[in-house]
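Listed below are the residues making up each chain.
Number of protein chains: 2
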Amino acid sequence: MNKPNPFDNIRVVLSHTSHPGNIGAAARAMKTMGLRHLYLINPKHFPDPQASAMAAGADDVLQNAVVCGSIDEALQGVVFTAAMTARLRDISIEVQTPREAMPQVLQEAASHPVALLFGTEMSGLTNEEMGKAQLGVNIPSNPDFSSLNIAASVQVVAYELSVAAASFTLETTDIQPASHERVEGLYAHLEKTLFEIGFFTTQNPARLMQRLRRLYSRTRLEDEEINILRGMLTVATEYNARLKRRYMEEHPDVQKH
Amino acid sequence: MNKPNPFDNIRVVLSHTSHPGNIGAAARAMKTMGLRHLYLINPKHFPDPQASAMAAGADDVLQNAVVCGSIDEALQGVVFTAAMTARLRDISIEVQTPREAMPQVLQEAASHPVALLFGTEMSGLTNEEMGKAQLGVNIPSNPDFSSLNIAASVQVVAYELSVAAASFTLETTDIQPASHERVEGLYAHLEKTLFEIGFFTTQNPARLMQRLRRLYSRTRLEDEEINILRGMLTVATEYNARLKRRYMEEHPDVQKH
Chain Y
69 MNKPNPFDNI RVVLSHTSHP GNIGAAARAM KTMGLRHLYL INPKHFPDPQ
119 ASAMAAGADD VLQNAVVCGS IDEALQGVVF TAAMTARLRD ISIEVQTPRE
169 AMPQVLQEAA SHPVALLFGT EMSGLTNEEM GKAQLGVNIP SNPDFSSLNI
219 AASVQVVAYE LSVAAASFTL ETTDIQPASH ERVEGLYAHL EKTLFEIGFF
269 TTQNPARLMQ RLRRLYSRTR LEDEEINILR GMLTVATEYN ARLKRRYMEE
319 HPDVQKH
Chain C
69 MNKPNPFDNI RVVLSHTSHP GNIGAAARAM KTMGLRHLYL INPKHFPDPQ
119 ASAMAAGADD VLQNAVVCGS IDEALQGVVF TAAMTARLRD ISIEVQTPRE
169 AMPQVLQEAA SHPVALLFGT EMSGLTNEEM GKAQLGVNIP SNPDFSSLNI
219 AASVQVVAYE LSVAAASFTL ETTDIQPASH ERVEGLYAHL EKTLFEIGFF
269 TTQNPARLMQ RLRRLYSRTR LEDEEINILR GMLTVATEYN ARLKRRYMEE
319 HPDVQKH
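Going down the list, the sequences are from chains Y and C. My numbering numbers the first residue of the first sequence as 69 and each following residue consecutively. My numbering numbers the first residue of the second sequence as 69 and each following residue consecutively.
If you are wondering where the hints come from, they were derived from the structure by calculation, not from laboratory data. Since no wrong hints were added, every one of them can be taken at face value.
Simulated restraints on C-beta separations:
1. Y/His180 - C/Gly145: 48 to 56 Å
2. Y/Thr237 - C/Gln131: 47 to 55 Å
3. Y/Glu293 - C/Ala121: 45 to 53 Å
Some chain Y residues flagged as far from chain C (calculated, every beta-carbon gap over 10 Å):
4. Pro171
5. Phe236
6. Leu283
Ideal Cβ positions, reconstructed from N, Cα and C, are used throughout, including at glycine.
Using the sequences and the hints given, assemble the complete structure.
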């Protein structure tokens with residue numbers, strides 16, 4: 069099987085993995101399917117002899133693994149993130165099966181960095197981590213026993229990716245989606261602005277930001293669009309600040325906060 | 069996902085597994101996809117605490133596992149066997165990908181016992197074991213690193229089975245293929261007869277039997293057909309024995325062997 073280039077753009081990100089053996093087994097699973105880039109967010113034990121033992125020949129994947137202190141560090145430069153979830157539906161994100169999702173992952177990886185994000189052995193990904201993704205991926209499983217081992221999940225997803233690659237044809241698109249950190253910058257700016265203009269006095273901030281993430285992850289924002297949106301936010305803040313300043317000037321008796 | 073009945077007819081057979089952790093991980097992989105029947109041919113260590121640890125909740129699959137002393141014992145009553153192979157082609161058997169093969173496995177399992185046969189960690193299945201199967205299954209993998217962990221292979225195959233089951237429709241067929249032991253009985257009879265009639269003086273017995281297994285595994289012999297073939301073999305032997313007897317009577321000077 070001849071692997072196309074997209075695989076060089078795909079990183080497997082494991083968040084807060086407890087058992088080093090699982091890291092090694094995941095590395096082996098990756099390599100059998102032609103994936104090479106492993107990122108580890110705060111692994112409990114790494115490097116570790118158990119990881120090497122379970123890698124069984126995929127030592128190069130472990131040796132080149134990038135250990136990160138945060139999810140934002142692990143997603144640096146990434147433009148599209150597919151996150152594993154045990155849920156069939158999710159409030160903040162669209163959820164697909166690996167078979168549905170992997171062609172799109174390949175498509176994205178043909179032009180920019182892509183992440184496949186896996187959570188912990190015990191509890192998967194946090195809501196905050198899920199919120200960083202553009203797509204949720206659920207491996208269909210036995211409803212009475214759905215807990216796939218993390219390396220087994222990596223194997224299934226990498227296998228689907230490999231099968232999809234065998235029949236892959238690049239679709240051209242005019243959209244140049246922005247990187248992870250640019251999109252996160254927008255969300256941070258948006259949240260700050262909504263606080264400043266007093267929007268969150270009547271809304272649950274966490275829930276609302278989740279809904280907004282969902283909206284924008286669907287649209288796949290471009291750099292220029294992020295500039296426009298942030299420009300709007302800046303103006304809104306300034307307008308609001310001007311209003312506040314004028315109000316304070318006209319009501320000097322009101323206590324500042 | 070609603071599992072149809074065929075899963076009750078499917079057994080996963082692991083031959084001569086070295087590491088008990090792999091047995092446990094395979095049990096977990098099976099259960100996540102709704103498979104329950106595990107057969108172990110001469111496992112090196114079983115039961116074993118490592119197997120239970122790696123099963124992580126699939127203890128029932130381990131507890132009900134059937135430990136066998138031979139492959140024929142493990143395939144007792146089985147009518148269709150799909151055997152894992154690292155080869156893309158095989159002299160003695162047709163080889164398909166899991167995606168191609170699993171719909172047929174389901175189809176077979178809808179009416180009779182079926183086995184998914186996995187070899188050892190180090191060397192897979194022997195030629196003799198492959199010869200017991202009707203179909204070879206090769207998981208497409210990185211040509212530079214194709215060694216999937218055995219539990220990872222079980223996971224991929226069970227996953228493909230589970231996905232195939234979601235869109236499964238039963239095809240009716242008029243063929244009632246014979247069981248493993250009936251077919252093996254024919255091969256043993258055939259080999260014995262070919263020896264007796266002196267056929268193997270000019271042929272490599274092992275290679276020829278492999279070719280004959282390939283031929284008959286393609287046709288899917290029915291019970292009645294096996295009766296006919298074995299009847300022919302019996303007559304051939306008797307005919308040969310008569311010829312030999314007559315020859316010896318007419319040439320009393322020839323030494324018996």
